[in-house]
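Once you have looked at the hints, place chain B on chain A.
These protein sequences, in sequence, are chains A and B.
Just so we're aligned, residue 1 is where the first sequence starts under our numbering, counting upward by one.
Just so we're aligned, residue 165 is where the second sequence starts under our numbering, counting upward by one.
Careful, some of the hints might be misleading.
What the hints assert, rightly or not - Listed next, the in silico BS3-like pairs over lysine-lysine satisfying Cα-Cα at most 30 Å (straight line):
{"#": "1", "chain 1": "A", "residue 1": "K159", "chain 2": "A", "residue 2": "K50"}
{"#": "2", "chain 1": "B", "residue 1": "K232", "chain 2": "B", "residue 2": "K302"}
{"#": "3", "chain 1": "B", "residue 1": "K228", "chain 2": "A", "residue 2": "K50"}
{"#": "4", "chain 1": "A", "residue 1": "K159", "chain 2": "B", "residue 2": "K465"}
{"#": "5", "chain 1": "A", "residue 1": "K130", "chain 2": "B", "residue 2": "K482"}
{"#": "6", "chain 1": "B", "residue 1": "K465", "chain 2": "B", "residue 2": "K482"}
{"#": "7", "chain 1": "A", "residue 1": "K126", "chain 2": "B", "residue 2": "K482"}
{"#": "8", "chain 1": "B", "residue 1": "K228", "chain 2": "B", "residue 2": "K302"}
{"#": "9", "chain 1": "A", "residue 1": "K50", "chain 2": "A", "residue 2": "K126"}
Unchecked claim - Listed below are several chain A residues computed to face chain B (Cβ distance under 8 Å; list not exhaustive):
{"#": "10", "residue": "A19"}
{"#": "11", "residue": "P28"}
{"#": "12", "residue": "L29"}
{"#": "13", "residue": "L48"}
{"#": "14", "residue": "P52"}
{"#": "15", "residue": "L53"}
{"#": "16", "residue": "I59"}
{"#": "17", "residue": "I60"}
{"#": "18", "residue": "S63"}
{"#": "19", "residue": "G64"}
{"#": "20", "residue": "L71"}
{"#": "21", "residue": "F72"}
{"#": "22", "residue": "M75"}
{"#": "23", "residue": "S124"}
{"#": "24", "residue": "V127"}
Don't read these hints as lab results, they were simulated from the structure.
Using N, Cα and C, we set each Cβ at its ideal position, and we do this for glycine too.
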Amino acid sequence: MNLLDILTYVFALTAILGAFTVVMHPNPLYSALGLLLNFFSLAVLYMLLKSPLLSLIQIIVYSGGIVVFFLFVVMLLNLRSPQSDRDFSFKGIFALIFFLLLAIFSIFGIITFNLQPLQPAYMSAKVIGKYMLTDGLFAFELSSFVLLVAIIAAVALVKKEESK
Amino acid sequence: MDFILFKGYIGWFLKVGIILFIFLTAAAYMVWAERRVSAWMQDRIGPNLVGPFGLLQPLADVLKLIFKEDIVPYVADRFLHFLAPGLILAAPVLAITVIPFAPGIWISNPDFGLLWLLGSTSIAAYGVILGGIAGGSKYPLLGSLRSMSQIVSYELPMGISALGAAVMAGSLSLVDIVEAQRSLWFIVPQFLGFLVFLITTYAETNRLPFDLPEAEAELTGGYHTEFSSLKFGWFFAGEYANLIIASLSVSVLFLGGWYGPFLPGIHWLILKTLFFLFLFLWVRWTFPRFRFDQLMFFSWKVLLPLSLLNLMIATLVKLLW
Chain A
1 MNLLDILTYV FALTAILGAF TVVMHPNPLY SALGLLLNFF SLAVLYMLLK SPLLSLIQII
61 VYSGGIVVFF LFVVMLLNLR SPQSDRDFSF KGIFALIFFL LLAIFSIFGI ITFNLQPLQP
121 AYMSAKVIGK YMLTDGLFAF ELSSFVLLVA IIAAVALVKK EESK
Chain B
165 MDFILFKGYI GWFLKVGIIL FIFLTAAAYM VWAERRVSAW MQDRIGPNLV GPFGLLQPLA
225 DVLKLIFKED IVPYVADRFL HFLAPGLILA APVLAITVIP FAPGIWISNP DFGLLWLLGS
285 TSIAAYGVIL GGIAGGSKYP LLGSLRSMSQ IVSYELPMGI SALGAAVMAG SLSLVDIVEA
345 QRSLWFIVPQ FLGFLVFLIT TYAETNRLPF DLPEAEAELT GGYHTEFSSL KFGWFFAGEY
405 ANLIIASLSV SVLFLGGWYG PFLPGIHWLI LKTLFFLFLF LWVRWTFPRF RFDQLMFFSW
465 KVLLPLSLLN LMIATLVKLL W
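With the rest of the complex left out, here is chain A (with noise of 0.2 Å):
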């Protein structure tokens, strides 16, 4: 096992620690700050994988954009005081049950399946933005147009407020 292998066993540890935080938390800081951890190990996974690109957008848009965005949510809620959600709940049961199932394909996947461990494929910027503009082009243009929606209908909805 060289160095890039416990890399990426440590990381994706503190992935799945990341993500445990969010759920389990009870202080809703605490939880944005365990998405801050998950999304800067997938990060470096990507980066291990050789998408060096994915991993630098990853930090960019994910961590400094988005993340920032939760503990601004948090921060003006005023979710200081623990809020917990202990009591039984059919919420919990249907995720349980969610996650049983979605335990059980993976783990079936794995056996039956011949696996094979992932080839990393240097993706520079070029590569992708290459695809992005010929194969990929009708996803991509897809992709924006949604964005386009998504920005038209909250300005939509800011506008409906002030006019009140």
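Just chain B now, with coordinates in the frame of chain A:
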């Protein structure tokens, strides 16, 4: 650096160690420079007693900070109070690893250097944000709320204006960007991008006229109010290290890095960086502070359209020549 000294693993650690040592010492001396320059502008003398011209003042400051008591407020979040000062210094240390100083003198030259630079500035925001939350009092919280909206707003025009330089060079590697400026610095075809990038670096480093997260007069120091001893020292060092990174990146992206007439290599980069560092101090002691709504208006309705326009100009120039 092709010396025999810098071969192998030990040589690599030596090289990284030397660059980091120079960088952090320079950050400490920026505090001295700030005090001397502000004193000069206000017709005072400034720190001049410790060593010649007060040059040992940073050392004395660090010693003083080490021996001060580390006070953690009763209501503070202890984990975040411990974490935040580290984060604010982590970002510039990450960023310095991709800056090219002179031909062959850099820690690494990845082909995504520009993105790495932008990504590390987005980490710097967390030191400010978590520092404000950790204190557990109102002023730092207000400071960190302000810094969140400010940093998120100004990161966008910053990234897009930096992309102008990347488009002109046809590469995201900082070494390639510098080498593309051999005959013509990007400040000429990319003047708009240069202006937008320079302005946004002031906002990203929380300097006047964008220092609303600190705002001594209204927030008693903002996000680092509740920190003392070396933790405060880390915030201080982090702020000046970020200034150096900002000056270095402006010089590398738009002013041709190490290229210039007469003098060889690294001298030009140092001169350009010193000029921008002086500009940071000059602006701080000359301009008043923005109001918060003006700050947001300026980012979203002035800088963002300008940076997009600049990106279009860059693409057109690249296509036509």
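Do the hints match the structure? See the list:
1. A:K159 - A:K50: violated (44 Å)
2. B:K232 - B:K302: Given pair K232 of chain B, K302 of chain B holds - Cα atoms ~24 Å apart, limit 30 Å.
3. B:K228 - A:K50: violated (45 Å)
4. A:K159 - B:K465: holds (17 Å)
5. A:K130 - B:K482: holds (17 Å)
6. B:K465 - B:K482: holds (26 Å)
7. A:K126 - B:K482: holds (16 Å)
8. B:K228 - B:K302: holds (28 Å)
9. A:K50 - A:K126: Measuring from Cα to Cα gives roughly 14 Å; hence the hint holds.
10. A19: violated (19 Å)
11. P28: violated (12 Å)
12. L29: Constraint on L29 of chain A satisfied, holds at 7 Å.
13. L48: violated (14 Å)
14. P52: holds (5 Å)
15. L53: holds (6 Å)
16. I59: With a minimum Cβ separation of about 4 Å from chain B (threshold 8 Å), the hint on I59 of chain A holds.
17. I60: Nearest chain B Cβ about 5 Å off; hint holds.
18. S63: The hint holds - S63 of chain A has a Cβ within 8 Å of chain B, the shortest such distance being about 6 Å.
19. G64: For G64 of chain A, the interface hint holds, since the closest Cβ of chain B sits about 3 Å away, which is under 8 Å.
20. L71: holds (6 Å)
21. F72: Because about 5 Å separates F72 of chain A from the closest Cβ in chain B, which is inside the 8 Å limit, the hint holds.
22. M75: holds (6 Å)
23. S124: holds (6 Å)
24. V127: violated (11 Å)
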